[in-house]
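Trainee: Next come the chains, spelled out residue by residue.
Number of protein chains: 4
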Amino acid sequence: MIEGSAVKTRFNGKLRYCMVGGGPGAFIGDVHRRSIALDGMAEITAGCFSRSFENTLETGRALGIDRNRLYKTFEEMAEEEGKAGTIDFAVIVTPNVSHYPAAKAFLRRGIHVVCDKPLCFEESEARELAELAERNKLLFCVTYTYTGFPAVKHAREMIRHGEIGELIYVAAEYPQDWLISPQEREGNKQAQWRTDPQWTGESNCVGDIGSHIENMVSYVTGLRIRAVLARLDRLGPGRVLDDNATILVEYGGGAKGVYWSSQIAAGYDNGLQFRIFGRRGSLEWRVEDPNYLTVSQVGKPRAVLSRGRDSFYPRAQSLSRIPSGHPEGYFEALANIYTTYIRALVKHKAGEPLTEDDLDFPTVKDGLEGVRFIHACVESSRRGAVWVNY
Amino acid sequence: MIEGSAVKTRFNGKLRYCMVGGGPGAFIGDVHRRSIALDGMAEITAGCFSRSFENTLETGRALGIDRNRLYKTFEEMAEEEGKAGTIDFAVIVTPNVSHYPAAKAFLRRGIHVVCDKPLCFEESEARELAELAERNKLLFCVTYTYTGFPAVKHAREMIRHGEIGELIYVAAEYPQDWLISPQEREGNKQAQWRTDPQWTGESNCVGDIGSHIENMVSYVTGLRIRAVLARLDRLGPGRVLDDNATILVEYGGGAKGVYWSSQIAAGYDNGLQFRIFGRRGSLEWRVEDPNYLTVSQVGKPRAVLSRGRDSFYPRAQSLSRIPSGHPEGYFEALANIYTTYIRALVKHKAGEPLTEDDLDFPTVKDGLEGVRFIHACVESSRRGAVWVNY
Amino acid sequence: MIEGSAVKTRFNGKLRYCMVGGGPGAFIGDVHRRSIALDGMAEITAGCFSRSFENTLETGRALGIDRNRLYKTFEEMAEEEGKAGTIDFAVIVTPNVSHYPAAKAFLRRGIHVVCDKPLCFEESEARELAELAERNKLLFCVTYTYTGFPAVKHAREMIRHGEIGELIYVAAEYPQDWLISPQEREGNKQAQWRTDPQWTGESNCVGDIGSHIENMVSYVTGLRIRAVLARLDRLGPGRVLDDNATILVEYGGGAKGVYWSSQIAAGYDNGLQFRIFGRRGSLEWRVEDPNYLTVSQVGKPRAVLSRGRDSFYPRAQSLSRIPSGHPEGYFEALANIYTTYIRALVKHKAGEPLTEDDLDFPTVKDGLEGVRFIHACVESSRRGAVWVNY
Amino acid sequence: MIEGSAVKTRFNGKLRYCMVGGGPGAFIGDVHRRSIALDGMAEITAGCFSRSFENTLETGRALGIDRNRLYKTFEEMAEEEGKAGTIDFAVIVTPNVSHYPAAKAFLRRGIHVVCDKPLCFEESEARELAELAERNKLLFCVTYTYTGFPAVKHAREMIRHGEIGELIYVAAEYPQDWLISPQEREGNKQAQWRTDPQWTGESNCVGDIGSHIENMVSYVTGLRIRAVLARLDRLGPGRVLDDNATILVEYGGGAKGVYWSSQIAAGYDNGLQFRIFGRRGSLEWRVEDPNYLTVSQVGKPRAVLSRGRDSFYPRAQSLSRIPSGHPEGYFEALANIYTTYIRALVKHKAGEPLTEDDLDFPTVKDGLEGVRFIHACVESSRRGAVWVNY
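Protein chains in written order, with the working numbering: chain A, 1 to 390; chain B, 1001 to 1390; chain C, 2001 to 2390; chain D, 3001 to 3390.
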C-alpha cells in the first residue's frame, strides 16, 4: 500500500487498534474494519463487539483475534489494554448511547479514540470529552465520513482560495427513504434503535443525517452557524422522534442557508448533496456520484470537474488512489479519514509537530459542534420553529 | 394545425385578440404571440404595445395590424374595441403595476382577459377582478405557463389517482442567477423594473418566481397552504427588494413543505423543480428537462417517464403535439394554456357548458392565491420569519 | 413575432405556401404547419393533403383554406397555382415515393420548394431536381430539421473556428425502438410505408434516420465522406428492409467515423446524438436535450454550454427566441429552417444577393448527398460489408 | 471483514501471496494489494516487484515483507517459494510481455496464478497456460476487473433469466483520452510501454481496453463471437500501434454488435459502457457510475436500478458490502474478483467441489478468448477491414 502520495507513509509496522461495537449484524463496524485495511496502516488486535459475549467471541474468531483479547465490556478492555500498552487507538462504533462512556473510558486510560457520530447526547458530555482529550494529549477523531472524499476537499480549497467569492447562500440536503414504512415495528434492528430516544438521543433524523449536513457545510465553507430555525417532523405513523427536518440557518458574516434531511423521501437512497453559492460562482456535489464536482463560475460555462483528471488542489489530489474515471467510493473516503488520523498518530507518537494537513480529519470539536446543532434544532422545533441563537 | 387531439378543434375562423404591452424589447409579449400562433386558433388584431405610441406603431406595423387599431392607451383600446365588439379577448403582458388597471378596463367592457402573473399588488384588487369576471361571466386566465407541460399534468393526475399515496412533504425550488450582479444599475430594463417596488410591488423574487412555485405545487398536488414562515433575503448589494427567499409551508391536512426561490444562485438559468413525496412514492420534475417525469414508487425502481412514450393520463397526453423524443418546450406549454383557454372561450360563446378539462387553465382565482402568498411571505419575513396563517 | 434577432424581419405581409401531403393521420404535415406559424412569416393558402380528396377537403376546411384551392392531385395544384402566381413556395411532406415527382412538378412551374427528406430514391433524380432548381433560380430546401437547433449551429461554428482542433473521429448514432415489434402488421400506417420498399425506397432505417446522421455530421463538421462500409440488419421478424445499421466511415482528410442507426433499440425514443473528436477537444450533443452542448477541451474541465446563457456564435444565438433555461424544442428547430428559408426567399424575390448566413438551410445538394449516402450503404451491405468509395 | 454475505467466509488464517511487478511507479500493483486487503482474506508475503532489485527492496520494506522473501527474478521466487510451499498464489501485474513467462514459471511449480490482462501475446502461449493450469489442477484468474461490479452481475443474471428476451444487438465502447497528446514522448512510462510493440504486443488500444469490451460483453451476454471486422486507427502523431478501434461483430445465433475503443477521445476518462438490446428490452451500464443499471423493458418506463436498493439476483447482491446510495467503486469490484478466487482456492485446497458461483471469476479461458480477439482484430484491420472468422 505505498504508491499513493498522501496515503503513502513510512512506518515501522502497523498500528494496533481495538473496537467497541461492530459485532454480527452491525454493518458499520465491518465498514470501518475494511476501510482501515484498505491502506494497511493498522490492524485490529482486540475487541468488545457486542453486549453478548457469545457474539464477541464469534466475531473475534472470524477476525483471527487472540481469544485473550476479546472482552465482555469496553471498560474491561480499556483497563486491560491500557495497562498493557498494547493498543494504539480504540474505535467506537456502537449505538449513540454508548459513545460517551466508551470514549471516556479509553481517554482516561490514555488511549487515542476514533468514535462514530453523533459524538454523544449532551453538550456537557462533549465538552468533557474534548477537555479530556486535550488534557491527555490524545488525538480524537469523529468519523464524519463524507468529508473524506477528494472532491469535497477540492471544494473546500476552492472556497478558501476565493474561487467563488464571498459566500452568500447554502442549500444542502440529505434525503433517504428507508423509514418510509414503519421498519422499527417490522423487526429492523437499525430502525429500532435509531427511532428510540433511549438509544439514539433526542433526535433521530437530525442526529443521524442532519448532523452530516451541518458538519459537511461547516467543513467545506468554514462558515459558523449563528442561529437556526428548525421544524422537525414526525411524518411516519406512530413515531416519537423526527424523521424529517427543515432547518433555516444564519451564519456569522451574513450568509444564509437551508438544510433538509429526511428518512421518508421516497426514491432517495442516501442523497447527501450540497450547493454552495458565492458572489462569483457556485459548487455542487452529491455523495452518490462522489468523484465529480460541478463548478459554475460567473462568466464561464458550468463545468464538471473529475477527480484525477482536472487539477485538484494538492491536499485533495493526494487522497486519491486511482486514475480518473476509475470510481472511488465510500470505503476510500473513510480510509482517507483513518489514514490521515493514523499518520498523525504516528507523527504524534514520534513527538513531531502536526501541521494543518496532518490534522485534516474531523475531531472531537466537530463532534461537539454536531451535538450543539442537534440540540439547537430540537429546541427550536419544540418551541414552534423559532430562531435559536448559538 | 389539426392533428393533435386536445389541441384539435373545429371552429369557424380564428378568434381575435388585442395585446397590452409586448412592444420592442419586451420579450414576453413576443413569446405570447408565438405561442398563440403555434396552434393557429387566434390572431392579433389590435394593440397598445408600449407607453410610447411610436413604439406601438412600430410593433403594429411589423405585425401587420391595421393602423386604426393601434392605441395610445389601454383604456382607449378597451373602450373602442369593446364598443365595436371586434375583440374576443385581451392579453395583458405589461410590468406588474399595470395588470390590475388594464384587466379591470377590459373586464368592465365585457372583454375576456388573459393576464400575466403575478395578477396584481393587493389582495383586494385581485378579489375585485375575480368578482368582476364572475359577474360579467368572463373567462379570466392568468398565465402561469409552467403548468402547461404534459408531464406536469400527468404528475397531477397520478396524485389525484393516489399513485403515490397520501402526500407528506414537498420540496420545490426555483433558482436563477440573472441578478447575481447588479444588472439594474447596468442598464438592464427588465432588472430595473423587477427590482423597483413601484413597478413590481412589495416583492421581487417571491413575486416573480416564488409565486410560480406556489402555483405549480398547488396545481399538481391540490394541497392548500395553511401557513407560511418566510425569510426573504436581499443578497445582492444595494437591493431594496428580495432576491432570494426560503419559505417553510404547512398545508391543510398536515403535509409540510419548503420552497426556495433565488435570483442570485450562480449556475442556474431557470431551475424550477418540484419533488413531491407521498407515503407510497414520489414525483420529480424540472422545467429545464420538461419532457420527462421521474417516478419513484415504493417497491419499484426509480423510473423516468417520457412524454409520448409511456402511458400518460388522457388529459396530459392530449396536450402533446409530437412523438416522444422530439422535445417540446416553453412555447408549447404556453400554447397549451392558450389553446385550452381559447377552446373554452369558443364553447362559452356558443353557450355550451364547460367541463373541468375545458377549464384546465390557471384562472383569476389562481392569481388571487398568488397575491395572497406573496403578501403572507413578505409579512412573515418582515416580522422576523414567523408563522403567518392564511 | 418580431423580437428575435435573426428571426426578426421586415416584410410586406406573409408569404403564401401550399402543401402536398399532411392530411389526417400524417403527423409530419401538422408539425410543418405549426413550425411555419411560430414565426408568422408565411400562411398556407392551398393544399393537396391526401390521395383521398375527401381527406383533403376535410383538412382544408379545418385549416380555413378556400375550397377552390384544394386539389385532387399535386400536378393540378402545381399547374393552377403556378399559372395564377398565387403561391410563393410549396411544401412536400408525403411518403418518400412522391418526393421526386411532386418536387419536379413545382420546380417546372417556377415554384420554390421545401421537401421532406430523404429527397428521392435515385441519385439521377436528385441531380435532376438540383439542376432544375438551379436552372430556374429556385430556392430548394430539404427539411433535415435537426440542424436547426442553436446548439448545433454553435457546434458548427466552434469547429470552423478551430476550437477543438483538427477533427480525427466521429461517433454518431440515432437509435429508436418504435419498430421493435412488427408494427407494420399491427395496423400502424407509418410503419407500413416505412418498411415497404415501394413507398420508402431501398432502405428503411438508413433512409429514414441514418441519413439524418449523415446530414448532421456533414453540417457540423464540414467533413466529406470518401468511403463507407455498412452492415444493414433486418433484426425485426419478417422484415424486407433494414431496421438497424452500423456504418464505418472514412472522410476526406483522414478522419474516421462510425454511425449507428436503429429502430429496434429498446428504450430509445429518438436518440440522435453526435460526438465529434478533434485533436484539442470534443463536442457532444443529443436531440432529446437540445438546449445544451457538452464541450471538452484538452486542459479544461468538461463544460456544458447552455443556449442563451453562454456565449454562442452570433449565427447560433440569433436563432434562439427565449432566454436560457426556457427550453426550446423540435418546433423551434424546424421554424429556424423555415424562417431562414423564407427570409432568403424574400430577399431573393427582391433581387438582393444572398449571403452564406441567408442560405444556412439544408438545400437540394444536401438532399443529393443523402441519396448518395443511402445508396452507398445499401450497396456496401449487399456485397457483404465492403468499402464503397464515393 | 465478516459481515458481507458472499464476501463472508470462515477460514483458518489468511492465504499468502507473492507478487510479480507492482514496484514504485506501477499503479496497478498497489491497486491489487489494496483490493486484496479490503476483504482481508490474503496477505502478501513475498515479492519481485521490479527488474531493479533496489526497487524491490524498497517496496518490500514499505510493505513489511521479510527481506529473505524479496527476489531478483520471478523465476527465483517461483522456485524458492514453490519448493518451500510458503505461497498459496502468485499475482502477476507486470507489463504484458512478462505475463506468459511469469505465469508459466508459477504454474510449473504448482502455484496458483492471478494474472493481469491481456493474458499474453500469442494464442499458442495462452493455450499452453490453460493446459498447464488444467493439468496441474491450478486455479488461474485473469483480472478483468470490470466484471466484478454487482450491477454487471445483475445484468448478466437478467439476461440469463430472459428478462430482455433474445439478444439482437450490442453497442459497447471504451473511450479514454490519455493518449490524445504524445505522452510516450513526454516521459510517461505507462504510455511508453503501452505504445511499444515489444512490451505491449501487436495492439495497444484493442489489447488494453478493447479486450475489456470483449470480455465484458461475453460475460454479461454469454454471446460467442463468430466473426469480427475491425478498423484499427493510429490517430495520434507518429504512433506505431493503434490508439482507436472500431469493430463490427457477429455473434453465434445471429446477434450483431459494434465495439469502439479509443485512447484519443477528448473528454473521456475511462468510459467503458455497454448497451445490450434484446427483443423485449435493453440494459445499459457505465463504469463511471457503476452502482446503477438502466433497464428498459418493452411496455415499461425506463428504470434505473440501484445496487442495494432494488432487488438484485442473489449472486449480484452478495457482492455488495454497503447499503444503497453509499457508492462502491473500482477497488470493491476487484476485491470481488479476488475474494471469489480466494474462497474458491480455500475450497479447492480442502478438496471440496466448486460450484458455478464459486468459479465466478475470469479464468485463463477468458484470457485465451481475449488473445484470440486481439489477434483477429489486428488481422482484420491489416487486411483492410475485412471479416475474419473465429
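It should be emphasised that the hints constitute simulated quantities derived from the structure, not laboratory data. Just to be clear, a hint being listed does not mean it is correct.
[What the hints assert, rightly or not] PhoX-like mimics (lysine-lysine), calculated; alpha carbons at most 20 Å apart, straight line:
1. LYS3300(D) with LYS1300(B)
2. LYS137(A) with LYS349(A)
3. LYS72(A) with LYS83(A)
4. LYS3014(D) with LYS14(A)
5. LYS3137(D) with LYS3349(D)
6. LYS3349(D) with LYS3014(D)
7. LYS2347(C) with LYS2014(C)
8. LYS2347(C) with LYS300(A)
9. LYS2072(C) with LYS2104(C)
10. LYS3137(D) with LYS3300(D)
11. LYS1014(B) with LYS2014(C)
12. LYS1256(B) with LYS1300(B)
[Said to hold, decoys possible] Chain C residues, not near chain D, derived (Cβ > 10 Å throughout):
13. ALA2062
14. GLY2082
15. LYS2104
16. ASP2233
17. TRP2260
18. ALA2266
19. GLY2278
20. SER2296
21. HIS2375
Beta carbons: idealized from backbone N, C-alpha and C, even for Gly.
Trainee: So, for every hint listed, does it hold in this structure?
Mentor: Status of the hints after comparison with the structure:
{"no.": "1", "hint": "LYS3300(D) with LYS1300(B)", "verdict": "holds, 12 Å"}
{"no.": "2", "hint": "LYS137(A) with LYS349(A)", "verdict": "holds, 10 Å"}
{"no.": "3", "hint": "LYS72(A) with LYS83(A)", "verdict": "holds, 17 Å"}
{"no.": "4", "hint": "LYS3014(D) with LYS14(A)", "verdict": "holds, 17 Å"}
{"no.": "5", "hint": "LYS3137(D) with LYS3349(D)", "verdict": "holds, 10 Å"}
{"no.": "6", "hint": "LYS3349(D) with LYS3014(D)", "verdict": "holds, 13 Å"}
{"no.": "7", "hint": "LYS2347(C) with LYS2014(C)", "verdict": "holds, 13 Å"}
{"no.": "8", "hint": "LYS2347(C) with LYS300(A)", "verdict": "violated, 38 Å"}
{"no.": "9", "hint": "LYS2072(C) with LYS2104(C)", "verdict": "holds, 17 Å"}
{"no.": "10", "hint": "LYS3137(D) with LYS3300(D)", "verdict": "violated, 47 Å"}
{"no.": "11", "hint": "LYS1014(B) with LYS2014(C)", "verdict": "holds, 17 Å"}
{"no.": "12", "hint": "LYS1256(B) with LYS1300(B)", "verdict": "violated, 25 Å"}
{"no.": "13", "hint": "ALA2062", "verdict": "holds, 34 Å"}
{"no.": "14", "hint": "GLY2082", "verdict": "holds, 48 Å"}
{"no.": "15", "hint": "LYS2104", "verdict": "holds, 38 Å"}
{"no.": "16", "hint": "ASP2233", "verdict": "violated, 6 Å"}
{"no.": "17", "hint": "TRP2260", "verdict": "violated, 6 Å"}
{"no.": "18", "hint": "ALA2266", "verdict": "violated, 4 Å"}
{"no.": "19", "hint": "GLY2278", "verdict": "violated, 7 Å"}
{"no.": "20", "hint": "SER2296", "verdict": "violated, 3 Å"}
{"no.": "21", "hint": "HIS2375", "verdict": "holds, 20 Å"}
In summary, the structure is inconsistent with hints 8, 10, 12, 16, 17, 18, 19, 20 from the numbered list given earlier, while agreeing with the others.
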